[in-house]
Amino acid sequence: MTEKTDSRQYITFLANGQEFASPIMAIREIRGWADTTPLPNVPNYVRGIINLRGTVLPVIDLKARLGLGRTEATPKNVIIVIDTEHRQTGLLVDAVSDIITVKGEEIQPPPEMMQNDGASRYVEGIAVRDGRMVTLLGIAELTQTVN
Amino acid sequence: MRFKDLSVSKKLVGVFAGVLAITAALGVFAIVSLSSLNASSRDVRDNWMPAISSLSRFEYFLTRYRVAEANFVMSTSEDQRATALKDMRGYQSQADEAWNRYMPTADTAVEKAKVEKILAERADYDPMQSKLEDILKSQGKDAAIAYFMGPMKREFGDIIAATDDDVTYNHDSGIASGNRSEATYATARTAILLALVIAIAICIAAGVVLVRGISKPLGAMTEAMGELAAGHLDARVPHADQQDEIGQLAEAMTSFKNQLAAAEHAKDEQTRTIVGSIGTGLEHLAKGNLTHRITADLSGAFATLKHNFNTAMDHLQDTMKNVLGSTRQIADNANEISTAADDLSHRTEEQAASLEETAAALEEITASVKKAASNAHEASNAVGHTKEVAEEGGQIVEAAVKAMDAIAQSSRQITDIIGVIDEIAFQTNLLALNAGVEAARAGEAGKGFAVVASEVRSLAQRSSEAAKQIKALINTSGEHVEDGVKLVGESGEALKRIVEQVAAINALARDSAMAGEQQSTGIEQVNAAVSQMDRVTQQNAAMVEESTAASRNLANETVTLSDLVGFFNVGDTARLPAAAKPTKTPPPRHPQARRAAAGGARVATAAAPLASEPDSDWTEF
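Chains as they are written, first to last, in the working numbering: chain A, -16 to 130; chain B, 45 to 665.
I should point out that these hints are in silico values taken from the structure, not numbers from a laboratory. Among the clues, some could well be false.
[Claimed, not checked] The calculated lysine-lysine pairs, modelled on DSSO-like cross-linking and capped at a C-alpha distance of 30 Å, are:
| no. | chain 1 | residue 1 | chain 2 | residue 2 |
| --- | --- | --- | --- | --- |
| 1 | A | K46 | B | K161 |
| 2 | B | K515 | B | K446 |
| 3 | B | K55 | B | K260 |
| 4 | B | K512 | B | K540 |
| 5 | A | K59 | B | K260 |
| 6 | B | K185 | B | K130 |
| 7 | A | K86 | B | K491 |
| 8 | B | K175 | B | K185 |
| 9 | B | K515 | B | K491 |
| 10 | A | K46 | B | K515 |
| 11 | B | K431 | B | K540 |
| 12 | B | K156 | B | K197 |
| 13 | B | K515 | B | K431 |
| 14 | A | K59 | B | K161 |
| 15 | B | K301 | B | K311 |
| 16 | A | K46 | A | K86 |
| 17 | B | K54 | B | K197 |
| 18 | A | K59 | B | K515 |
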């Protein structure tokens, strides 16, 4: 990718009070919370499935996925529909904040101590914006385990 | 001898005898007339009618005999002839029998002549029967018929004619006899009617005469007796000149009248004597001399009268002596009463004055109590008004609470609307984000669109912020309203308590007013009672004054009474108590004006005790 050194557009969102970001190109659409249909025999972070205009897709609770506990869903919560190569997946977050543009030099790798942690697999890096730390998520890895 | 001099029994007998004679004459005349009538009718029955009957029978059998003779002539056999002869003999004997019955009734000369003629004709006819038998035997049937229808028929006709003549005569005589009896009846009727009229007239005349001769004089005598009984001794006695019983009665009455007059005269004489002696006694009594006694000799009931008069004079003399003594005693007592009454009058006036002061003081108390009652009443009214105002305040507080509730309701609605706006902002934000995502995917071409989406997002975010702020404000305002409601409720409660307290105060004030009024009424009653006492005491004072004056008058009158009783001469007066000369009564105290003396009376009483009568402790009080 030529733009890797330049800049990329991200969508930032909140979960558990923390600000995360995802590349905008991986995102299909953003929509409000709708009740999901629970699935049997799935990990606890999978909230179930929803019907998005004919396409059935699973919804992952980001907070639970990050091992931070289950999200109490309200109409104010948002589902971000992520479109990967394989399939579409819903990601339940607290709220969507902004669309930001991050330059390559602004991204720092995750700390070393996170390397061995399973969770670090989903973190691509950390960007600092106006003094705020934004965790850049690796969406593909995050959603892969669902399959 | 006049009719009115006859005795009453003779008058009655004479009149009834006359009536009896008239009645008897009338009866005799009637009997005679009836006898005449009876004779005529008996003549018709016993003479004329049997004669006609017998003659008719005789004629009938003669006719039958003639028919039998004709049968004899016309008979064709000996048997028939014998039968005819037998019939002829039978009829002849029956005709003879009828004739014999008739014969005794022929008693007049004319009738006897007619009988002779009938007998002569029969004597001519009877021999012709034997001649007829001879002609029949000798010359045959035709000659016999010729004889029978010739000379025999002529002779037979003569018999019948004579007999008819006799029958006619008897008949006419019977009718004449009947006419005679009719005439007799008419005459007798007229005569009896006339006699009846005369008898009635005589009876009426006799009645009138009896009434005039007996009843009228008796009535007059009764009237005269009534007058005598009524005391008119000069009444005239009527019919004294008559010689009958009424005349004797008049004589007896006249002597009775004279005796009465004599008795009256004797009574007058005696009365004069009694009146003289009693009159003298009464004259002395009138002059007040009670020592006089009747000494005249009086007899009978008048002796008792004299005794009673003298006894009465004795009693009167004693009584008058006692009266004189009592009068003197009364005069002394009356003087004492008069003095006591003066004192009583004085003290009663003082009592009246002090009562009047009491009444005045009570009136002032009444006025102040009335004022207090009126104030209490006004306070009660004011408190009642306060209570009403407080109740109005309570109502206003309730209205405020309601208004606050309404505000809270409106706030809730606003909150709902804000929620909707917030939702719209949220959705708009999502849409803007999606648009941004699409713009990013579009790459270089979507850059302008991304800017628009960003602007929309910021607008949505501002909307959301504003909604949040409004929501916060509304929430704050809602809290404030809630606080307000609570405070208003508390103030309502406070007002309610105030109202209750005010009601209690009102009740107390009303009780106080009522008590004041009752006090006022009670004091008024006391006042009325004191006024009544005052009035009564003043009336008592007036009455005491009157009785004082009356006792003085009594003393004076007692003196007069003594003088008056002294008029009677009762003889010895030495043993009587000395007549107390009535002391001159003290001049009546000047009646003090009770009202003017009201203040000073008490002092005067204390200062001047009635020392004039040291023996009467009861005057001190």
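Would you check the hint for K86(A) and K491(B), treating anything up to 30 Å between C-alpha atoms as holding? holds (17 Å)
Given the hinted pair K431(B) and K540(B), is their Cα-Cα distance within 30 Å? Given that 30 Å is the threshold and the Cα spacing comes to 10 Å, the pair holds.
Restraint check for K301(B) with K311(B), where alpha carbons must lie at most 30 Å apart: holds (16 Å)
Given the hinted pair K156(B) and K197(B), is their alpha-carbon gap at most 30 Å? holds (25 Å)
Could you grab the alpha-carbon distance between K512(B) and K540(B) and see if it respects the 30 Å cut-off? Violated, because 41 Å separates the two Cα atoms, which is more than 30 Å.
Does K86(A) lie within 30 Å of K46(A) when you go C-alpha to C-alpha? With Cα atoms ~27 Å apart, K46(A) and K86(A) stay inside 30 Å; holds.
Is K515(B) within 30 Å of K431(B), Cα to Cα? violated (44 Å)
Sort out whether K185(B) lies within 30 Å of K175(B), counting only the CA atoms. holds (13 Å)
Is K185(B) close enough to K130(B), meaning Cα to Cα at most 30 Å? Given pair K185(B), K130(B) holds - Cα atoms ~19 Å apart, limit 30 Å.
Is it true that the CA of K515(B) sits at most 30 Å from the CA of K491(B)? violated (36 Å)
Holds or violated: K46(A) with K515(B), Cα cutoff 30 Å? holds (29 Å)
If you draw a straight line from the CA of K515(B) to the CA of K446(B), is it 30 Å or shorter? holds (23 Å)
Hint compliance for this structure: hints 1, 4, 5, 9, 13, 14 and 17 are broken, all remaining hints hold.
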